[in-house]
Structure formats: C-alpha cells, structure tokens
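Protein chains: 2
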Amino acid sequence: MSKALPTRSENYSEWYNELVKRADLAENSAVRGCMVIKPYGYSIWEKMQRALDDMFKETGHQNAYFPLFIPKSYLSKEASHVEGFAKECAVVTHYRLKNDPNGKGVVVDPEAKLEEELIVRPTSETVIWSTYKNWIQSYRDLPLLINQWANVVRWEMRTRLFLRTAEFLWQEGHTAHSTAAEAIAETKQMLEVYATFAEEWMALPVVKGVKTANERFAGAEDTYCIEALMQDGKALQAGTSHFLGQNFATAFDVKFQDKEGKLEYVWGTSWGVSTRLMGALIMAHSDDSGLVLPPKLAPIQVVIVPIYKNEEQLAAITEKVDEIIKQLKKLGISVKYDNNDAFKPGYKFAEYELKGVPVRLAMGARDLENGTVEVARRDTKTKETVPLEGIAGFISELLDNIQESIYNKALAFREENTTTVNTFEEFNQVLDNKGGFILAHWDGTSETEEKIKEETKATIRCVPLNATEESGVCIYSGKPSTKRVVFARAY
Amino acid sequence: MSKALPTRSENYSEWYNELVKRADLAENSAVRGCMVIKPYGYSIWEKMQRALDDMFKETGHQNAYFPLFIPKSYLSKEASHVEGFAKECAVVTHYRLKNDPNGKGVVVDPEAKLEEELIVRPTSETVIWSTYKNWIQSYRDLPLLINQWANVVRWEMRTRLFLRTAEFLWQEGHTAHSTAAEAIAETKQMLEVYATFAEEWMALPVVKGVKTANERFAGAEDTYCIEALMQDGKALQAGTSHFLGQNFATAFDVKFQDKEGKLEYVWGTSWGVSTRLMGALIMAHSDDSGLVLPPKLAPIQVVIVPIYKNEEQLAAITEKVDEIIKQLKKLGISVKYDNNDAFKPGYKFAEYELKGVPVRLAMGARDLENGTVEVARRDTKTKETVPLEGIAGFISELLDNIQESIYNKALAFREENTTTVNTFEEFNQVLDNKGGFILAHWDGTSETEEKIKEETKATIRCVPLNATEESGVCIYSGKPSTKRVVFARAY
Chain A
5 MSKALPTRSE
15 NYSEWYNELV
25 KRADLAENSA
35 VRGCMVIKPY
45 GYSIWEKMQR
55 ALDDMFKETG
65 HQNAYFPLFI
75 PKSYLSKEAS
85 HVEGFAKECA
95 VVTHYRLKND
105 PNGKGVVVDP
115 EAKLEEELIV
125 RPTSETVIWS
135 TYKNWIQSYR
145 DLPLLINQWA
155 NVVRWEMRTR
165 LFLRTAEFLW
175 QEGHTAHSTA
185 AEAIAETKQM
195 LEVYATFAEE
205 WMALPVVKGV
215 KTANERFAGA
225 EDTYCIEALM
235 QDGKALQAGT
245 SHFLGQNFAT
255 AFDVKFQDKE
265 GKLEYVWGTS
275 WGVSTRLMGA
285 LIMAHSDDSG
295 LVLPPKLAPI
305 QVVIVPIYKN
315 EEQLAAITEK
325 VDEIIKQLKK
335 LGISVKYDNN
345 DAFKPGYKFA
355 EYELKGVPVR
365 LAMGARDLEN
375 GTVEVARRDT
385 KTKETVPLEG
395 IAGFISELLD
405 NIQESIYNKA
415 LAFREENTTT
425 VNTFEEFNQV
435 LDNKGGFILA
445 HWDGTSETEE
455 KIKEETKATI
465 RCVPLNATEE
475 SGVCIYSGKP
485 STKRVVFARA
495 Y
Chain B
5 MSKALPTRSE
15 NYSEWYNELV
25 KRADLAENSA
35 VRGCMVIKPY
45 GYSIWEKMQR
55 ALDDMFKETG
65 HQNAYFPLFI
75 PKSYLSKEAS
85 HVEGFAKECA
95 VVTHYRLKND
105 PNGKGVVVDP
115 EAKLEEELIV
125 RPTSETVIWS
135 TYKNWIQSYR
145 DLPLLINQWA
155 NVVRWEMRTR
165 LFLRTAEFLW
175 QEGHTAHSTA
185 AEAIAETKQM
195 LEVYATFAEE
205 WMALPVVKGV
215 KTANERFAGA
225 EDTYCIEALM
235 QDGKALQAGT
245 SHFLGQNFAT
255 AFDVKFQDKE
265 GKLEYVWGTS
275 WGVSTRLMGA
285 LIMAHSDDSG
295 LVLPPKLAPI
305 QVVIVPIYKN
315 EEQLAAITEK
325 VDEIIKQLKK
335 LGISVKYDNN
345 DAFKPGYKFA
355 EYELKGVPVR
365 LAMGARDLEN
375 GTVEVARRDT
385 KTKETVPLEG
395 IAGFISELLD
405 NIQESIYNKA
415 LAFREENTTT
425 VNTFEEFNQV
435 LDNKGGFILA
445 HWDGTSETEE
455 KIKEETKATI
465 RCVPLNATEE
475 SGVCIYSGKP
485 STKRVVFARA
495 Y
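For the record, the sequence lines run as chains A and B. Going by the numbering used here, the first residue of the first sequence is number 5, and it counts up by one from there. Going by the numbering used here, the first residue of the second sequence is number 5, and it counts up by one from there.
Hints in this document: simulated from the structure, not taken from any laboratory. Errors might be hidden in some of the hints.
Stated by the list, open to error - Subject to a maximum C-alpha distance of 20 Å in a straight line, what follows is the list of computed SDA-like cross-link-like pairs (lysine to any residue): (1) A:Lys-457 x A:Leu-443; (2) A:Lys-137 x B:Arg-26; (3) B:Lys-61 x A:Pro-303; (4) A:Lys-108 x B:Ser-84; (5) A:Lys-117 x B:His-98; (6) A:Lys-117 x B:Val-111; (7) A:Lys-461 x A:Leu-443; (8) A:Lys-102 x B:Glu-160; (9) A:Lys-352 x B:Arg-144; (10) A:Lys-51 x B:Ala-55; (11) B:Lys-137 x A:Ala-34; (12) A:Lys-313 x A:Asn-343; (13) A:Lys-340 x B:Asp-58.
Given only the sequences and the hints, what does the whole structure look like? Please build it.
Okay, structure coming up:
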C-alpha cells in the first residue's frame with residue numbers, strides 16, 4: 005500500500021500486473037506460468053461461477069466430470085484438433101519417483117514409464133467424445149447437454165496473470181445433438197448466455213460475432229465469440245461457442261439411430277469461458293486508484309468505516325452500524341464493518357479503493373449527532389451525506405445504479421473507440437493513434453487477413469452477427485466485400 | 005434395467021460396482037484408474053460440496069486456488085511427506101508433442117524436456133507452504149484459513165469407482181497459526197465439521213478418533229479422522245484432519261514475528277474429504293433394489309408418476325400434479341414429474357428405486373376421484389394413500405422423517421456390529437464371522453499393530469476421542485493398556 009500504482013497512461017501493462025497483485029487477486033507461483041488465485045480474487049471467480057452455473061442449468065445443462073488425462077492417441081484422432089494443441093501440452097510419461105541412488109532426494113523411476121503417454125487436458129473434446137460413444141445409441145439419448153468445471157493446461161510461452169496462464173480454470177460445455185440445426189441453435193444460445201453474463205454481471209458490453217476460418221477453434225466448423233474492448237484500446241476475446249459439426253463424432257465413431265432406424269453421426273458443440281474473464285473484468289473498469297468492481301460480482305459490496313476519537317465514540321458508532329448491517333443483510337447486500345484499530349481511516353479508504361468495494365460508508369461523531377452517514381461510491385469517487393432513515397433502500401438502489409453506470413461507462417468508451425474506416429491508410433492511422441475496434445471491409449480471404457496481421461498486428465476479432473449488409477471494397481486488396489468486420493489488436 | 009442387480013449377500017463388491025454404473029453415478033474411463041463422474045453422480049457431489057463449503061465459510065475459511073503442478077524438489081522438502089507420496093505420482097517430463105517423423109500421429113518432442121520434472125499434485129501442502137512463506141511475516145497475518153476445491157492424482161494400482169481412483173476430486177484445507185494450541189483447536193474443529201456433515205447430511209454415523217502413528221498422514225504430527233461402517237462390516241475412513249506441527253513451516257522456512265518481535269515457525273493444519281464420500285454414501289445405505297439417498301443430498305427428492313389409460317386421464321392427472329409441484333417447490337423441495345409416454349409405470353418405479361429418489365408419488369384415476377395420491381418411500385419401501393389436502397406439508401415432514409430414519413438405521417447397524425473383545429481368539433472369531441468395529445485393548449506399539457495387521461488384515465481405525473479410560477491388557481501382546489481402540493478391516 006505504500007507506493008502508488010503505476011498509472012494506466014504511464015504503463016498500462018505494469019498498471020495491470022501491479023493491480024492484480026496488490027488487490028490480492030492472484031500472483032505467479034513457483035511453477036512457470038501457473039498462478040495462485042488468492043482468496044479475494046477467487047471469491048470474485050466464485051461469484052462468476054455461481055451466476056454462470058445457474059444460467060447453464062436454466063438452459064437445461066447438467067454438470068459432470070471427465071478425466072484430467074487424455075491418452076496421446078485420443079488427442080491425435082481429430083486432425084486439426086491435434087494440430088492446434090500438440091505444441092503446447094504437458095505430457096505425463098511416468099507414474100513413480102524413487103530415491104536417488106546417489107542420495108540426492110528423489111528421481112523419476114525409469115521403470116515406471118507409461119506405455120502410452122498421457123496429456124494433461126488442454127480441452128476435453130477428445131476424452132468426452134470417446135465417452136459419448138458409449139452413452140449415445142439412439143435419438144432418445146439426444147440431446148446430451150453437459151458442462152464441466154475444470155482446470156486445463158496449455159503450455160504457453162509468454163504468460164500473464166489471468167489473461168494467459170499455463171494452467172487456468174474454466175467451464176467447458178460439450179453437447180451432442182441429432183441435427184445440425186439443433187447443434188447450431190445450441191451454439192448460438194450459449195453465445196447469448198455468455199453475452200448476457202458479460203453485460204449484466206460483468207457490466208462489460210460485448211460484440212457478438214463469428215470468427216474467421218483462421219481464428220476458429222481447432223476442430224470446429226464455426227466459432228462464435230464475444231469480444232470486449234479494454235481501456236488501452238485492445239480487444240479481449242471473452243468467451244467462445246463452437247459448432248463442431250460431426251467432426252468429433254466422426255473421429256470417435258459416435259453414431260445414433262434416428263427415428264427411421266438409420267445410423268447417423270452425432271452433431272456437436274462446445275463452449276467455454278475461463279479465469280481470463282477475471283482479466284477482462286479488471287482491465288475494463290478499473291482506474292489508477294485500483295479495482296472498480298460491478299456490485300453483482302463484488303465479494304464485499306459495502307464497507308463501513310468508523311471515524312472516532314475514543315472508545316466511547318466507537319461504541320456509539322458501532323451500535324448504529326450494527327443496525328445498518330442488519331438492514332443491509334436483510335436485502336441480501338454483503339457488508340463488512342472494519343473497526344480494526346491498527347489502521348487509520350485514510351489508510352482503510354485507500355485499501356478499499358484498491359480492492360474495488362463499490363460503496364463505502366463512513367460514520368463519525370457528527371454523523372452520530374445528525375443521524376447521517378457519509379456514502380462514497382467507488383466508481384465515480386463521489387461522496388454525499390445521507391440520512392440514516394431509509395439507508396438500506398438507498399444503498400440497494402445505489403448498487404443497482406453503480407452496476408448500470410459502470411456498464412454505461414464501458415459502453416460509451418467502446419462507442420468512442422469504435423471507428424469506421426474505408427482505406428488501409430486510415431486503418432493504420434486509427435490503429436496506431438487511437439486503437440479500439442475498427443470496422444472495415446475485408447475480402448473474405450485468409451490471405452488478406454494474414455497480410456494485414458503481419459503488417460499491423462491487428463486481427464479480425466469477428467464478423468459481427470448484427471453486421472449490416474452493404475457493398476464495399478476490402479481496405480487491403482480492393483476486392484468487393486458485403487459487410488464490415490471488426491479489426492483490433494488483441495490480448 | 006433389464007437384469008437385476010447382484011444382491012449384497014451374494015457379492016457385495018459386485019453389487020457396489022454394478023450399482024455405481026447402473027444408477028448413472030460414475031464409470032471407468034479409458035485412462036486407467038480415472039473415472040468419469042456422470043451427471044446424476046455429480047449432482048450428488050455438488051450438493052455435498054455446497055453444504056461443506058457453507059460450513060467452511062461459516063467457520064471463517066476462504067477458498068483459493070493453487071497450481072496443479074508441484075516441482076519435484078518441493079515434494080522432497082518434507083522427508084516423510086515425499087516418502088508417503090513418491091511411489092504413486094504422475095510425473096510431467098515434457099511440454100510439447102510433435103509430428104512423428106515416421107508419419108504415425110504425434111510423439112513426445114524430446115527437445116521439449118523440462119529442466120525439472122513436475123508432479124501432478126497428490127496433495128498440496130508443499131506448493132501451498134512455499135506460497136505461505138511470502139504471505140506470512142507477522143502474527144498479524146495469522147491465522148490464515150484457506151481451503152481449495154481441486155482434483156488430485158495418486159497413481160493407485162488397484163482402483164475402484166469413488167473409493168480409490170487415480171484422479172479424484174476433493175477439498176483440502178490448509179491453515180497457518182501462531183500457536184500449537186490454536187492449530188490443534190483448528191484440527192479438531194474441522195473434524196467436528198466433517199462429523200456433523202457426515203451425520204446430518206449423509207445420515208452416516210461416524211466414530212471420531214485419532215490415527216495411530218502407522219496410519220498418520222505423511223508429514224503430520226497427528227491425524228484425526230472420522231470412520232464409518234459399511235454394510236459388509238468393513239470400515240471406511242471418511243475424512244481426515246491433520247495437525248502438521250511446524251513440519252511444513254520448517255521445510256519451507258515459514259516464520260512469523262510474534263508480538264514480542266521474536267521469529268518463530270508457523271504451526272499448520274490440513275484437512276480433506278473427497279469423492280470417496282460418494283462411495284461411503286452408496287455403501288452405507290443402499291439395498292438390493294438400488295440406491296437409498298438421504299433426502300438432503302438427493303438431486304431429486306420427489307418423483308411423480310402418472311398412471312393413466314388415455315390422454316384425457318393424463319391431462320386431468322397433470323392438472324392436479326401441477327398444483328402439487330407448485331406447492332412442493334414453494335417449500336424448496338425438488339421434484340420431477342415423469343410423464344414420459346415411452347415407459348410403463350412399473351419400469352419407472354424400478355428406475356427411481358435404482359436411483360434412490362426418496363419419495364415417489366403415483367396418481368391414477370381412482371386417486372383423481374378420491375382426491376388422494378399414493379406415497380411410497382424408498383428407504384422402507386412402504387406405501388400409503390394420502391389425501392391431496394395438505395400434501396406438501398406431509399411430504400416435507402416425510403422427507404425429514406426419512407433423513408432421520410436412514411441415519412437411525414445406519415446407527416443401529418453400527419451398534420449391532422460393534423463388538424467388545426478381550427482375547428485375540430475372540431478377536432479373530434468376530435473378525436471372520438461378523439466383521440464390523442471391534443473394540444479391543446492394544447499395547448500402543450507399532451510392532452503389535454503391524455503383527456495384527458499381517459495376521460488378520462485388520463487395522464486400527466482410530467483411537468476414539470470418547471474412549472473411556474480403563475485398565476486392560478493388549479489382546480495380542482498381553483501388555484498393559486489404558487483404553488480400547490477400534491479395529492476393523494477397511495476399504
């Protein structure tokens with residue numbers, strides 16, 4: 005708490021790294037690329053999990069659990085899938101250690117070598133579809149709507165807390181259907197669930213769209229995504245939902261008998277969001293004083309700090325505060341009373357600012373006299389003195405208001421930072437000077453997409469679902485195009 | 005559903021294996037020793053998790069998340085810990101696959117060998133204490149009360165669904181304290197939490213006790229446990245809570261400055277329960293027709309089956325049923341209406357018996373006329389016809405009654421199968437003919453304990469916390485003893 009955070013304008017990247025650590029969200033562990041999610045960070049993740057899990061269940065999904073390990077041969081069964089994941093996976097080759105014959109601790113026992121190596125799951129399509137083969141015989145077994153909460157490992161070379169870590173936590177939905185149409189509808193439904201969660205819970209406006217072939221999930225026919233804009237003008241992919249076609253069913257020979265008795269391959273989807281959302285949450289809303297959390301995901305929604313000169317004053321304040329706490333809890337509002345004598349109010353104010361507690365109440369001797377309390381909101385840093393009469397209802401409305409206001413701020417930011425361009429020169433200029441989302445025509449070829457990426461480091465984030473049909477020419481090739489796509493530099 | 009289950013008396017072990025599969029709880033995966041937890045099984049586990057998690061939070065604990073991988077050198081730092089786990093751990097040696105130069109799929113890339121091998125966590129003391137070193141400086145940082153929900157891997161040679169699997173799900177609490185007394189109090193508190201959970205949620209009576217030195221957790225000073233008795237007379241350890249002394253603090257150099265400014269090693273505890281509890285739940289209560297679930301952990305508490313001859317009857321029944329469902333849901337009771345036309349009522353009855361749904365309602369034409377419904381309880385298999393008037397209150401009480409009654413049955417079974425013996429001959433006779441818990445005097449030496457184990461396969465489950473002091477002689481050595489311990493053959 006001694007040193008101030010780096011500011012966003014100074015060094016956005018350092019600001020993020022420091023904020024994650026100082027707000028007690030996460031830290032790097034001794035294992036390269038693996039993070040420790042600290043209790044405060046984890047409690048935000050738990051709130052995300054709970055909200056998402058409820059939404060999954062409301063849409064008819066059930067949770068299950070599949071093995072951490074994937075036999076190497078399974079990973080290889082779907083050609084583009086293995087191509088996508090082989091280069092970054094942790095491989096288990098042995099199942100035992102033994103005492104070092106040279107007396108130096110323990111060593112891998114060469115006699116305990118596995119016949120077939122096991123891959124620590126980077127995603128579970130292969131192990132799940134190998135299981136589905138036994139679960140699906142008839143159209144009566146479909147749809148199969150399953151989700152799993154799990155850890156996965158992708159051996160990334162450059163890692164960053166929450167945004168890109170070797171191990172991360174996520175959920176992965178894996179569904180099986182009797183028709184392509186039904187699987188596509190599922191894919192789109194889950195995209196909507198993610199968008200709703202991002203906007204209503206995380207206060208994060210997102211663009212819904214489809215990935216280009218280049219950016220598609222390894223093994224999918226189509227990848228839908230939600231894309232969010234961070235405060236430094238870079239995009240962040242916040243969730244994906246894949247239509248797998250019959251690719252994994254074919255690879256693992258999963259067929260069903262339809263109503264007419266004909267055998268057909270099953271249609272699949274998969275969809276996931278991860279602890280990466282924590283990174284999005286932090287980067288979208290926070291400021292130079294620390295975290296700004298939307299109230300719906302804040303572990304502590306209201307903190308109350310007493311301001312007192314002696315024990316007697318503290319006792320009188322505490323009596324009032326106890327009443328407030330009771331009223332707030334009745335409305336389901338989480339509240340912490342910080343009467344720790346070891347720290348001064350100013351220190352506490354800074355600490356709760358850093359941690360993004362949405363509302364801070366301070367009560368001093370004068371408030372006691374006047375029957376008031378000082379209410380400060382974290383997002384705007386404004387303060388007002390409010391009568392205690394009806395305080396719980398006031399706070400409850402204020403929390404709703406903050407949730408909405410954080411969303412609106414992020415939306416306004418995105419709108420300001422979404423630019424329509426018509427030439428490659430304009431494109432480059434906006435990219436380098438302003439950043440953000442750039443709406444531009446593109447000729448639909450991977451070749452052009454790659455060239456633009458090479459020259460500018462910008463990628464096509466998605467073809468927005470709500471893109472209007474309009475004829476134009478590709479900013480790079482000059483070839484005809486029917487709609488604009490969203491370009492950006494991205495995390 | 006076609007074939008009946010093996011009976012318990014015929015083949016208890018087969019009965020268990022078949023029941024786990026047929027009731028859709030879990031199955032073996034393609035990866036040796038790793039299970040797939042199916043949706044129905046997982047939903048029971050979720051209920052267990054939620055109840056335990058609430059109890060952990062009520063006792064002041066917070067969740068966090070630590071890495072899956074443990075550097076080999078960390079595991080070695082606590083001597084008895086590595087001794088306990090080295091022989092059964094999955095070892096990651098490489099971080100990349102590459103295309104087989106011979107064109108046969110993918111192979112491990114020999115160039116991607118890790119400098120130091122990583123162990124897939126069998127338990128997380130080492131990685132957590134290496135982190136605590138940075139989190140703890142002063143007595144003000146203590147106590148640290150943290151829990152983690154995670155998967156762990158222990159490469160067991162003989163595995164059984166839920167009871168012993170290579171990968172399993174669990175929670176592991178890891179706490180740090182400034183005094184031994186406080187750490188011991190924490191250890192005992194968590195044992196009480198586990199016992200309360202087992203008895204009040206799982207309807208499973210347990211003996212609370214302390215393990216002998218032989219059976220202690222690798223790295224602990226003392227291991228407390230809860231032991232339950234299964235229907236075949238074998239014991240099952242259902243949860244453990246360890247007082248770690250300063251062992252891990254010493255191994256990882258975790259010191260704190262006390263109020264006087266003196267540096268001291270931190271005192272630790274760890275405690276865990278796992279998906280093994282699923283095995284205990286199944287084996288303690290179920291019968292030859294299938295699962296018997298205590299209502300508090302049943303994913304579906306009430307199932308309603310309509311009995312009808314035509315569409316018109318079904319419509320009239322459904323109308324009544326909808327009312328019942330509304331009333332039950334208002335009381336927080338989970339209910340499923342099975343109006344699937346593809347199966348006959350008899351088939352459905354057997355199916356829900358197999359799945360252990362605590363209460364089944366059946367409504368036919370006569371019930372409709374009389375304003376009644378048939379209520380069947382799973383545990384006793386008794387049926388009665390009950391007026392619809394006040395049905396929700398009736399069911400709610402019935403569920404409480406079933407919960408209690410399952411517990412009482414298990415308790416009576418345990419009491420019948422707990423035998424006090426005074427000679428080794430008696431001991432052997434009871435062990436071979438009756439099984440169960442055997443209370444006997446023991447001289448307190450590991451030597452005697454091991455000899456008894458070798459000769460009889462019975463182990464000391466625990467020294468019960470509530471053992472009465474009485475002088476006696478060891479059944480094996482004839483040496484003096486001050487209290488009886490609990491022996492049993494165990495899972």
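Here's how the hints hold up against the structure:
{"no.": "1", "hint": "A:Lys-457 x A:Leu-443", "verdict": "holds (15 Å)"}
{"no.": "2", "hint": "A:Lys-137 x B:Arg-26", "verdict": "holds (17 Å)"}
{"no.": "3", "hint": "B:Lys-61 x A:Pro-303", "verdict": "holds (13 Å)"}
{"no.": "4", "hint": "A:Lys-108 x B:Ser-84", "verdict": "holds (15 Å)"}
{"no.": "5", "hint": "A:Lys-117 x B:His-98", "verdict": "holds (13 Å)"}
{"no.": "6", "hint": "A:Lys-117 x B:Val-111", "verdict": "holds (15 Å)"}
{"no.": "7", "hint": "A:Lys-461 x A:Leu-443", "verdict": "holds (16 Å)"}
{"no.": "8", "hint": "A:Lys-102 x B:Glu-160", "verdict": "holds (16 Å)"}
{"no.": "9", "hint": "A:Lys-352 x B:Arg-144", "verdict": "holds (16 Å)"}
{"no.": "10", "hint": "A:Lys-51 x B:Ala-55", "verdict": "holds (17 Å)"}
{"no.": "11", "hint": "B:Lys-137 x A:Ala-34", "verdict": "holds (12 Å)"}
{"no.": "12", "hint": "A:Lys-313 x A:Asn-343", "verdict": "holds (13 Å)"}
{"no.": "13", "hint": "A:Lys-340 x B:Asp-58", "verdict": "holds (18 Å)"}
Of the numbered hints listed earlier, not one is contradicted by the structure.
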